[in-house]
Amino acid sequence: ELKVEQNPLFLSMQEGKNYTIYCNYSTTSDRLYWYRQDPGKSLESLFVLLSNGAVKQEGRLMASLDTKARLSTLHITAAVHDLSATYFCAVDMDSNYQLIWGAGTKLIIKP
Amino acid sequence: KAGVTQTPRYLIKTRGQQVTLSCSPISGHRSVSWYQQTPGQGLQFLFEYFSETQRNKGNFPGRFSGRQFSNSRSEMNVSTLELGDSALYLCASSLAVGGEETQYFGPGTRLLVL
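If you read the protein sequences in the order shown, they are chains A and B. Residues in the first sequence are numbered from 593 upward in steps of one, following our numbering. Residues in the second sequence are numbered from 12 upward in steps of one, following our numbering.
Everything labelled a hint here was simulated from the structure, so no lab data went into it. What you were told as hints is all true, and nothing was included just to trick you.
Stretches of chain B that chain A covers, calculated by requiring three or more beta carbons in the stretch to come under 8 Å of a beta carbon on chain A: (1) 48 to 56; (2) 60 to 73; (3) 94 to 108; (4) 112 to 121.
By construction, the Cβ of each residue, glycine as well, lies at the ideal position given by its N, Cα and C atoms.
One chain only, chain A, in its complex shape (with noise of 0.2 Å):
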């Protein structure tokens, strides 16, 4: 069974740090995606992860995958209070667009 873990589950930083989301995950996987969620929102999604060794960027939000360690992070580079919100990573185990998330990470950024 796929399972997906995601750390912290909870994380209060200060505008302008630098922090670190991981997503492991138990067995092989052909896609892995992070999305954003805003309270009482729907999902956004951020990046598509696909190969070994991938890297995407937008922004202030940088993610990475290496399949061997079934592991994927989603850094934060100096945050500013709008990156608040809660993000998730979700994998799709056999490409069948059946995705199993993750708890999902709530980032509280303060001024």
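Given the structure of chain A, go ahead and fit chain B onto it with the hints provided.
Just chain B now, with coordinates in the frame of chain A:
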């Protein structure tokens, strides 16, 4: 390009009733997936449809069912509602061509069962 739309946005039902939720995917998208989101269980996959066929189903009881129409619009139905069915139900659509495509989510339907 219009995004994924879901109707209704909010629903209040009582135990034992049934409910039908609707999802219209992004134009051209043929895959529609449904997810349940609750504070306790998080996000859980319900089922996925492609070209009117259910290709995958999550671990939910048979009270949860769905279908997809020829225009790719999808509906999910929950019969004999239970209190635990209270949740945000999200649908997502994709082109289903593989590669780096993603799933695009609708705003969700928030269901409250009393």
